[in-house]
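Colleague: What follows is the residue order along each chain.
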Amino acid sequence: MVTKSVTKLIDEAIIPAIALIVGKMLGLFLAIVFYHLDFVIEQGGLFKILPAITFTSPQNYILAENFSNLAMLFAASFGTIFVIFRAHFFHRSHISPSVHAKLVSLNLESLIAQSYDLYHQGAIWLTYLWLVVGFLIISSTFGVTFPQITIIAFLIAANFSWIFALDVQREVEIQRLSKA
Amino acid sequence: MKPKHVYLVFINLIAVFVLLLLLGTPFYFASTISKPASIAGAKSQRPYMIISQVDKFPNVKLSQQEDNYKITFSKIAPSQAFTSLLLITNPTNRTQSYKIVKTAGDAEVFFGENLKNRQTSVLAPSSVSIPISVYSAKESSASSQTVDFQIEAH
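Just so you know, the protein sequences line up as chains A and Y, in that order.
If you count by our numbering, then the first sequence holds residues 1 to 180, one letter each, in order.
If you count by our numbering, then the second sequence holds residues 1 to 154, one letter each, in order.
Rather than coming from a laboratory, the hints here were simulated on the basis of the structure.
All values derive from a computational prediction rather than experimental measurement.
We put the beta carbon where it would ideally sit given N, CA and C, even for glycine.
Watch out, some of these pointers could steer you wrong.
Claimed, not checked - One-sided excerpt, in silico: chain Y residues whose CB lies under 10 Å from chain A:
hint : residue
1    : Ile33
2    : Ile51
3    : Pro125
4    : Ser126
5    : Ser129
Said to hold, decoys possible - Here are the simulated BS3-like pairs of lysine-lysine, each with C-alpha atoms no more than 27 Å apart in a straight line:
hint : chain 1 : residue 1 : chain 2 : residue 2
6    : Y       : Lys56     : Y       : Lys70
7    : A       : Lys8      : Y       : Lys4
8    : Y       : Lys75     : Y       : Lys61
9    : Y       : Lys2      : A       : Lys4
10   : A       : Lys4      : Y       : Lys4
11   : Y       : Lys138    : Y       : Lys102
Claimed, not checked - Derived, one-sided and incomplete: chain A residues facing chain Y with beta-carbon distance under 8 Å:
hint : residue
12   : Met1
13   : Ile14
14   : Lys24
15   : Leu28
16   : Leu30
17   : Val33
18   : Glu65
Same shape as in the complex, but just chain A (with noise of 0.2 Å):
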């Protein structure tokens, strides 16, 4: 048997993996329509079974990555932001009555979430968050995505890694308690 956590963890990893890489899609999307930029498609993509896209300037291509990075961040931050309120609010071990009550009443109790689908969901989006960190540091290294870009991610990450870290500070706390 594969560890319960471990198949948990690959099970949480797809829809992120896929939101990034539609992120990323979409971004270039938007660069190529807003700013008519001319490019060509080529073979030579994911796994030499997607397309790439080959832009005529260089002006062009660092514009359309700077966009699609932007892209790529947003959906990563947005992602884990959704579990970040998940777990601050509709955490299953301190959800506020009041609040589990309206949910309720709105027929949205699926949102109230525990723990282990939480800490799960966080560690996947924070580390995809993270990875888009360092993917940014390595492509401002090499001059291609703006340095402010990667300073803001840094900081997203950073302070979404220490909201997410209060929650289970929060949640070791209750647990200690009621086993007191």
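Assemble chain Y onto chain A, guided by the hints.
Modeller: This is chain Y only, laid out in the frame that chain A set:
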């Protein structure tokens, strides 16, 4: 170790590998989905990359033979300039110094677009593109003109 335990270790390793693959896929995709253009024959390890924009100019032709570039154009005014005919890009990680060495022709080839400051050498930081322009003075009156040049990088 029992065969069952070996099987468990193996299958868990596979699962971790699948997880790492899943984590890495979006970033592999992000790094391969787009790329800048390079002219045919240009090698990535070269100290510069030339992008041609001559198709935006009527009656201008660019030919390349190894490191020699030849621009042919028609003279339509006593003195004329074609700005940003080419773009030179520094694909390396460090600042490069480029110098235009003219080997034949009357027209001048220079970096930038400023006709009053026609520079034949320039410093290009990493990933920066600099336009290359051509100027033909009124003293050069032939109706069809050619200028040959090379670019030295240091």
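Colleague: Which hints from the list above does the structure break, by number from lowest to highest?
Modeller: Hints 16 and 17 not satisfied by this model.
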